[in-house]
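Student: Taking the numbering used here, the leading residue of the sequence shown gets 589, the next gets one more, and so forth.
Treat the hints as calculated values from the structure; they're not laboratory data. Incorrect hints may appear among the rest.
[Unchecked claim] The calculated lysine-lysine pairs, modelled on BS3-like cross-linking and capped at a C-alpha distance of 27 angstroms, are:
hint, residue 1, residue 2
1, Lys-677, Lys-635
2, Lys-731, Lys-686
3, Lys-733, Lys-745
4, Lys-1059, Lys-1003
5, Lys-677, Lys-707
6, Lys-733, Lys-746
7, Lys-731, Lys-745
8, Lys-1003, Lys-1025
9, Lys-635, Lys-707
10, Lys-1046, Lys-1059
11, Lys-746, Lys-731
12, Lys-686, Lys-733
13, Lys-1025, Lys-1046
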Amino acid sequence: MTRVNMEEELTLPWPEEESDVGEQPPGESAPKVETILTVSEVNRLAKQSLERITITVRGEVSGLNTRYPYYVYLDLRDREAALPAILQKRIFENLDFKIEDGASVVVRGTLSLFERQGKYQIRVAEIRPYGEGEIQRRIEALKRKLQAEGLFEDARKKPLPLFPERIGVVTSPRGAAIRDVAVTIARRFPPASVFVRGVRVQGEGAVQQICGALQFFDRDWPVDLVVLTRGGGSIQDLEPFSTEEVARTIARMTVPVVTGIGHEPDVSIADLVADLRASTPTAAAESAVPDRQEVNAMLGKVAAGLRRHATAEHQAAGRHLNGLRRLPLYRSPEFLLGRYFQRFERAAESLPQSPGRGLMRSRHRLAMLGSRPVFKLPGELLSRRRVELDSITARFALGGVRVIERETGTLERIKARATALSPLAVLQRGYSITFSKETGAVIRSPADVDLGAPLRIKLTNGDLDAEVTGKE
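All chains, full assembly: derive it from the sequences and hints.
Tutor: This is the structure we're talking about:
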């Protein structure tokens, strides 16, 4: 708290009253004049003096009252005294931490006096949490930032291996957590090997050592998963596990990370980013490896299932084999080959007679073809086809001449109409067309050219060059 000299601040500038009596003779003292103030004047002077004092004070919130529309009222207390405080509602609503009775805060403001009741108070301009409250405020702000980036999403978290063989442990080498983790892993899953990287878990340098140990297991010493753990402690002790550096290092890990930090109520940012969060170091070790009794029970079930499956397959194969043995094929091979022997015998018997029968069928087909009319009277058939061809040729020739004559008449009519509409026909009647020699545009009016402009005159059988010498 800022200390001020209250005696100097409350020294009142009392005006000296004029005396009605004349100058006192030497050696005689002037009579004292008593100054009397009203209560309002005293409170006003006190308020003016107090409002020049700006202080920063720490205390515990008590009697928080937020039901008024413009101001929030509360008391700042310690073991021996209380200080009334007033806070604007807009400042209270824009705070990034929660104020409640019992919270330890630091406020900065100006002392003031409520004149009507003669009670002094502090008008709060700034307020922030003190001690654990400040740490909690920073942690909550970091949580919101990382959550917005998606670092807490389940979709980005990696599954744990079912049977890890190499487990890295990052913790204090002198704490109880390392003993709990090592004993639990050895008891639950003896085949797993545990590699410990000792680090500081609180205080100066803890963040850098934790990040370095995680990167060591991720890059230099390959393991199947990493257990990050420590025992319980205050929020200040657990603060290294709620830093942005540790959170982003865990997020960049290529191997799964299991955390067991503090006790059941303690939830750090590292717990939220990790692939799996356990409430204690022992619970983290239990989550990292399977229970050997459960593994043995599972293997027993699998072995029994395989045994049942093999027995069932063997019995089914035996039944199938017995069924095959009862088939006629296996009782007598002639059952399957008999019909093929019969076909072979019939083919062997008919093979010597086959060429003669084929030659007889060919002769019969040739005789049928020779008996057709086309082969008996070829001259008569060809003469009829020749007469038909001559008739068709004459019709085509006559039709072609008629088409040519019809198209020629049509072309003559089109030519006559085109000639009548052609500008050349107009020129043949003695007319001409005048063009500007410079632009090539047709001259329709004397206003289209100037004196001296060159012209080109189109006639029926040629052109003339001319020049404008006058206009009407």
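Student: To test your reading of the hints: which numbers does this structure violate?
Tutor: The structure breaks hints 4, 8; every other hint is satisfied.
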